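Undergrad: The chain contents come next:
There are 2 protein chains.
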Amino acid sequence: MSVSRRDFVKNVSLVSAGFGLLQPFNLPAQSGTPQLRLGFIGVGLRGQSHLQMCLERSDVAVKVICDVDDRMLGMSKELIRKSGKAMPEIVTGSDTAYRDMLRTDKIDAVIIATPWEWHKPMITDSISAGLKYIATEVVLGITLEDHWEVVRAAEAANAHVMMLENACYRRDILAILNMVRQGLFGELVHLQAGYQHDLRGVKFNDGVTPYNSGVEFGAKGFSEARWRTNHSVHRNGDLYPTHDVGPMAMMIDINRGNRFETLSSFATKSRGLHDYIVKKGGKDHPNAKQLFKLGDIVTTHIKCANGETIFLQHDTNLPRPYSLGFRVQGTNGIWMNLNNGIYIEGVSKYDHEHWDDANAWYVKYEHPLLKRWG
Amino acid sequence: MSVSRRDFVKNVSLVSAGFGLLQPFNLPAQSGTPQLRLGFIGVGLRGQSHLQMCLERSDVAVKVICDVDDRMLGMSKELIRKSGKAMPEIVTGSDTAYRDMLRTDKIDAVIIATPWEWHKPMITDSISAGLKYIATEVVLGITLEDHWEVVRAAEAANAHVMMLENACYRRDILAILNMVRQGLFGELVHLQAGYQHDLRGVKFNDGVTPYNSGVEFGAKGFSEARWRTNHSVHRNGDLYPTHDVGPMAMMIDINRGNRFETLSSFATKSRGLHDYIVKKGGKDHPNAKQLFKLGDIVTTHIKCANGETIFLQHDTNLPRPYSLGFRVQGTNGIWMNLNNGIYIEGVSKYDHEHWDDANAWYVKYEHPLLKRWG
Chain E
1 MSVSRRDFVK NVSLVSAGFG LLQPFNLPAQ SGTPQLRLGF IGVGLRGQSH LQMCLERSDV
61 AVKVICDVDD RMLGMSKELI RKSGKAMPEI VTGSDTAYRD MLRTDKIDAV IIATPWEWHK
121 PMITDSISAG LKYIATEVVL GITLEDHWEV VRAAEAANAH VMMLENACYR RDILAILNMV
181 RQGLFGELVH LQAGYQHDLR GVKFNDGVTP YNSGVEFGAK GFSEARWRTN HSVHRNGDLY
241 PTHDVGPMAM MIDINRGNRF ETLSSFATKS RGLHDYIVKK GGKDHPNAKQ LFKLGDIVTT
301 HIKCANGETI FLQHDTNLPR PYSLGFRVQG TNGIWMNLNN GIYIEGVSKY DHEHWDDANA
361 WYVKYEHPLL KRWG
Chain V
1 MSVSRRDFVK NVSLVSAGFG LLQPFNLPAQ SGTPQLRLGF IGVGLRGQSH LQMCLERSDV
61 AVKVICDVDD RMLGMSKELI RKSGKAMPEI VTGSDTAYRD MLRTDKIDAV IIATPWEWHK
121 PMITDSISAG LKYIATEVVL GITLEDHWEV VRAAEAANAH VMMLENACYR RDILAILNMV
181 RQGLFGELVH LQAGYQHDLR GVKFNDGVTP YNSGVEFGAK GFSEARWRTN HSVHRNGDLY
241 PTHDVGPMAM MIDINRGNRF ETLSSFATKS RGLHDYIVKK GGKDHPNAKQ LFKLGDIVTT
301 HIKCANGETI FLQHDTNLPR PYSLGFRVQG TNGIWMNLNN GIYIEGVSKY DHEHWDDANA
361 WYVKYEHPLL KRWG
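Line by line, the protein sequences give chains E and V.
Quick note: the first sequence uses the numbering used here, first residue 1, plus one each step.
Quick note: the second sequence uses the numbering used here, first residue 1, plus one each step.
Just so you know, these hints were derived from the structure itself, not from any lab.
One thing to keep in mind: the hints can contain errors.
As a list, the in silico DSS-like pairs of lysine-lysine whose alpha-carbon atoms are at most 27 Å apart [claimed, not checked]:
(1) K303(V) x K303(E)
(2) K220(V) x K289(V)
(3) K303(E) x K293(V)
The model shown is predicted, which means the values in this text are computed figures rather than measured ones.
This is chain E alone, in the form it adopts within the complex (with noise of 0.2 Å):
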């Protein structure tokens, strides 16, 4: 069954929402309610993660899968099994076999969760088959004239590419978001924000079980340590940044009115994939050898035409705890999430004009919006 453009839309909105929170939704199942006809480019873990919230929606059919991996598509056959839901189409068999599910008479839409290289294609394919409506996970491609490529493809069609950054959706960056188009921090003059995860235990593992098991990757790697750990050998760079940059672009109108204009980027050396190697492998162990061209910490400056600037970094090589590092500051006030700070000129009321020692804490807020860091 096929659905109207403007219904679809509605009802892609919603399952966009939906992407990456970890609460899906539970909508009340309907006898005659229309439904978006989903097919899915890749079910590893990442894919199966969307499967699984689709599979709980009464507004989404899943129609078909693709994969190239046995193991991944009979996890997602048993998530579809213990669902209830009608068992779809598997498509797999070649890196290419993705192809031939990319008809509109199967779907109205496509989601794409495959290793990175292959986004683009994949992208490209499906506005070629004559969909309209793709979401891809982040990244869209690898390099800029990728990018070009998809942003191409989709005017001369007018397809809508989704990329499912959820760092977007997240409740501080709406409560955010809305403070700062209701003027709350005056005008914006700087932001910065950064992909600082430690995924040594998702870069290296056992070959069998996906987290902290083992110093393994490549052809010897399972799920991402398979294939995105290759990025760290031969690319030195920002190779994650829309968990911080996807945020902080909403915010002061990137393509809406303002654009990216001048950037510099710096790497720090490479110490921490091998130091875990050695660490958890032993001195010994083959992937000791192993070069990484990846510096730990890439960071990277950009300034915008309005006269903002922007500074990320990539952090993923180094213990560390899990922080996006936000900070939002404009003429009236800033916003750091590490210690979870707001200020406003003449709403907070700090006890101490110092943050460095944990006074955030102290403040009070009068400002209806701030309650939640009152």
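Use these hints to put chain V onto chain E, whose structure you have.
TA: Chain V only, in chain E's frame:
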């Protein structure tokens, strides 16, 4: 009375450690204690703070003070009278009168606490006059060439020039430096800090009281507003980097086997100072027409020869709580002072892997060096 170089160096290191600390030393007075003979160039509010500390010591004799401002000289004389110490010689009358006091038969050492642009000539004039021990408020000079002039003069005369950067002696910085040197953080990889201090109430006043009292500056301002604000009018850059880069430089041995190699710096638009004038003085105040070159936030990246990156911020024009925002990160862990959080792999026990939700507060430490954070 003169002192031997060896005793002097011992004494001056005690004095140096005291500069900028909130609690001055209270050594017992001893008759016959060798005394360091000090001269002061500049006894404005900052110089008076140093003067007061020296007056409380029995091993320092203030022999001469110099300033061009009668009000500041009067305040200083009052401090000296209250201390019961002998009144020093007073030198005043012109911008170059200070040269009259720079004679080694009068003083062993000089403390310079004048407007920034005067530091370099006063340092080099002190060295030319034969003085071997010169302590100066930050910064050493305005231009890169200023700094080289100081280095060349000091090396040629075997003189010692100490910049009185108090952030290097913060208790937390000294504790972290000790941990760094004991290897707790492993090999250092990335460092951050910033001069993040809302100085609007310092850059502007009513010409009579120093802080938060008006929107005048330059000839109509008092104390720092009289001279410091002009740097925000005419210059765009990190005007005051030593609070942040000083402690970082110690931790990674800059000029002791390591060095700054590459630098990139970005400035935001300038809004904060104008906004402050309008908010406090009204849009019709003459200073509301003043343009300021200084971007509200200036961010600077440095890559070091040993592969570390440093990230600095200069953020003095916007409403914000004070924080120097230190971050010290190595192959074994990370410290950030905004949340007072420290994580060392295998040592820190977190209830939760995330810092974002303030779980740093629930950390339990077992390492003896970390008890302060326990």
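Undergrad: Checking against the hints above, which ones are violated?
TA: none
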